[in-house]
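Engineer: Chain A is already provided as a structure; the job is to place chain B on it using the hints.
Number of protein chains: 2
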Amino acid sequence: MIDNFYPVVPAGGSGTRLWPLSRRNRPKFLFPLGGEDISLLQSTVRRLLPLSGPDRLLVVTGAAHLAAVREQLPDLPPVNLVAEPSPRNSAPAIALAAALAHSRNPDAITGSFAADHLIADVRGFHDAIRTAAEVAGAGLLVTVGLSPTRAETGYGYIKTGAALGIDAARTVDRFEEKPDRSTAAAYVSSGEYLWNAGMFVWRADALLAEVRRQLPDLYDGVLAIAAAYARGEGPRVHDHVWPTLPKVSIDVGIVEGAAARGRVGCVPGNFGWTDVGDWDALGGVLAADDTGTVALNVEGLLSLDSADCVVAGSGRPVVLLGVRDLVVVDGGDVVFVCPRARAQDVGSVVQALRDAGREHLT
Amino acid sequence: MIDNFYPVVPAGGSGTRLWPLSRRNRPKFLFPLGGEDISLLQSTVRRLLPLSGPDRLLVVTGAAHLAAVREQLPDLPPVNLVAEPSPRNSAPAIALAAALAHSRNPDAITGSFAADHLIADVRGFHDAIRTAAEVAGAGLLVTVGLSPTRAETGYGYIKTGAALGIDAARTVDRFEEKPDRSTAAAYVSSGEYLWNAGMFVWRADALLAEVRRQLPDLYDGVLAIAAAYARGEGPRVHDHVWPTLPKVSIDVGIVEGAAARGRVGCVPGNFGWTDVGDWDALGGVLAADDTGTVALNVEGLLSLDSADCVVAGSGRPVVLLGVRDLVVVDGGDVVFVCPRARAQDVGSVVQALRDAGREHLT
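These protein sequences, in sequence, are chains A and B.
In this text, residue positions in the first sequence follow our numbering: the first is 1, and each later residue adds one.
In this text, residue positions in the second sequence follow our numbering: the first is 1001, and each later residue adds one.
If we strip away everything but chain A, and leave its shape as in the complex, we get (with noise of 0.2 Å):
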């Protein structure tokens, strides 16, 4: 447990990039992609109640995934439930659970922590993120960033500054886009920059005044929110309020303006992190068979003379013949074939799905 910890964990992305098993209206978050019998958000949850409890961790999902969230979470209290009315990106979200966590505890420390990403070593995830709580305690923003292990082009990377003298913690100088490969290679080789995955921890109090600084509507609307959960009157309220609130992410929308103002720090985390990014990072995290091939959700995969492919179902066969680092996913309703390496440009056939009318298929 952390003292006066309340987690965050968004979960209204609509992610494509595991399409077609991931749609508009089906995100990766509520599907079992971690080698166990639970999905990503429940192995989520799980990582984070031995530092909360149930009390205290609140989850954040749009209107229309509420049943299924509710119905895989069963232990949390419906009140930390809470339902987006329509997808506005992230600061909106993280702010309003940061404002309800203040309005329940003036010393709540808050933040986010993606629905849909995996870690293998939870035991480090607690040490890092009490680093990064007792950081926050001093009242600086605070991001647990990512020891890189390769020179990945598909994050946006922290450059770090001073030791603030508490375990590995930093100071951040920036944040930086992701880079092409040579940057990304000069940033491993460095020592000195981090990957972003998105994970904060702060004050909810020093996360609002930040809002409040920067996005001053932002912070009238969830503070208005929060209220009228406080005194019974939510849902009303978050639906008349949530559509005039700026449409911007957290990072930056707060969290860069903040670091130019030397009030954010960082945690270096090494705790077998992914993002399930897309199908050839699916392939890297889940078991393989003796070929090397990753199967999930398919009904008696037969693999001749193949290998190393990452095989996705509906429950039908899949039976491969003679092929190498092949993405064969049955989506029920489409089949989806592409070589894992270019498997990070599964957007491209959704927005091209899109472009033809065929928005039924994403």
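Think of the hints as simulated: they come from the structure by calculation, not from any bench.
From the three backbone atoms N, C-alpha and C, an ideal C-beta is built for every residue, glycine too.
Hints may contain errors.
To be verified - Sample of chain A residues with no beta-carbon within 10 Å of chain B, all distances over it, derived:
no.: 1; residue: M1
no.: 2; residue: D37
no.: 3; residue: R70
no.: 4; residue: R104
no.: 5; residue: R130
no.: 6; residue: G161
no.: 7; residue: R174
no.: 8; residue: F175
no.: 9; residue: T183
no.: 10; residue: P216
no.: 11; residue: D217
no.: 12; residue: A228
no.: 13; residue: D275
no.: 14; residue: D280
no.: 15; residue: V319
no.: 16; residue: A352
Unchecked claim - Facing chain A, according to a computed beta carbon distance under 8 Å, are these residues of chain B, among others:
no.: 17; residue: G1322
no.: 18; residue: F1336
no.: 19; residue: P1339
no.: 20; residue: D1345
no.: 21; residue: G1347
Structural biologist: Frame of chain A, contents of chain B only:
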């Protein structure tokens, strides 16, 4: 029309090379694989009708396929549609058809035309069959061989002999098994070999004489069955006698032995023949889109950065990203992926499924 010509279409196969489209109970001749709306069987019959008319055209099919065949060929007299009680390879089916034709017309010229081949140049085909019928009139068993267009290792070959003086007809020295690549290349460059497509024309009495000589049990059996059909007791006797007949192909059981005695002639054909032998061959037959990809029964194929694939479906959409020369088949209850270069190995998939007790997928 060809006088006394009774073409026979054996439609009993349960080929597995277009698995998972074709199955034990769904042979490929029932599917429209020729790029037209009609099935391969319908296309075969349409091609033969100008030579025989419907009253002389015989189709021998498996009892399991009888209803489907009847539905596809409503204009054929029911008496010309013969149901095999069980599969016994091609010699019994073709010998029985010859016996039936002979019982109707002692001067019958009959033969065999596979139900699942495609022919682009129907006029050239008709010319070759007319020549074959003329050669057959002299008492030879005649095979129509195809002038090879490549060093194909998937077919048997016919070694031709002396000219017979009727168009390009020649004697047949012998039949050769499927060769290795260098042997195939030598065959083709010699100019003396034809592909053996299993296409035959002969006088019914000449064939029956060879059957009597080489397989007397088969001769007695098919004559007994044909006599029973003539007196209206066909199916009962057919069911009774059929299981006693030798299970052998017409090539091995009759034609090769006849060739050894100099009783086989051949007519070279060059009329755009293909046996649609596997998915790769099918990809060469059907019309491709401008990326070289062929789609069969796919609702809304989306092909991004992909080329030269063969995609067959069960109506659902298929999406390809960044793949080439791939076979992707949505078989409804199973999804199958292999490179076009491995298409000839689909039989090993079917065998593996059967070995694993998964016959229901085959």
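Engineer: Taking the hints in turn, state whether each one holds.
Structural biologist: Hint by hint, here is what the structure shows:
With 10 Å as the threshold on Cβ separation, the claim that M1(A) sits away from chain B holds: the shortest Cβ distance comes to roughly 47 Å. With a least beta-carbon separation of about 24 Å from chain B, D37(A) lies farther than 10 Å from that chain, consistent with its non-interface assignment. No Cβ of chain B approaches the Cβ of R70(A) within 10 Å, the least distance being about 32 Å, so the stated non-interface status holds. Non-interface status of R104(A) relative to chain B is upheld: no Cβ of that chain comes within 10 Å, the nearest being about 47 Å off.
With a minimum CB-CB distance of about 43 Å to chain B, R130(A) clears the 10 Å threshold, and the non-interface call stands. With a closest Cβ-Cβ approach of about 41 Å to chain B, G161(A) is found to remain outside the 10 Å limit, as its non-interface label requires. With a closest Cβ-Cβ approach of about 35 Å to chain B, R174(A) is found to remain outside the 10 Å limit, as its non-interface label requires. For F175(A), the requirement that its beta carbon stay farther than 10 Å from each beta carbon of chain B is met, with the minimum near 31 Å.
Residue placement check: T183(A) keeps its beta carbon more than 10 Å from all beta carbons of chain B (closest about 25 Å). At the 10 Å boundary, the C-beta of P216(A) stays outside the reach of chain B, the nearest C-beta of that chain being 44 Å off. For D217(A), the non-interface assignment is confirmed: its Cβ lies about 41 Å from the closest Cβ of chain B, beyond the 10 Å cut-off. Residue placement check: A228(A) keeps its beta carbon more than 10 Å from all beta carbons of chain B (closest about 45 Å).
Every C-beta of chain B lies more than 10 Å from that of D275(A), the closest at about 21 Å, which supports listing it as non-interface. The Cβ of D280(A) sits about 12 Å from the closest Cβ of chain B, beyond the 10 Å cut-off, so the non-interface label holds. Once the 10 Å rule is applied to beta carbons, V319(A) is inconsistent with being away from chain B; the minimum gap is 5 Å. Its closest Cβ contact with chain B, about 6 Å, brings A352(A) to no more than 10 Å, contrary to its assignment away from the interface.
Given hint, G1322(B) at the interface with chain A, holds; its Cβ is 4 Å from that chain's nearest Cβ, closer than 8 Å. Interface hint at F1336(B): satisfied, since its Cβ lies 5 Å from the closest Cβ of chain A, which is below the 8 Å cut-off. Of the supplied interface hints, the one on P1339(B) holds, with its beta-carbon coming within about 5 Å of a beta-carbon of chain A, less than 8 Å. Checking D1345(B) against chain A: minimum C-beta separation of about 6 Å stays under 8 Å; hint holds.
Here the hint on G1347(B) is broken, as its CB sits about 11 Å from the closest CB of chain A, past 8 Å.
In summary, the numbered hints that this structure violates are 15, 16 and 21.
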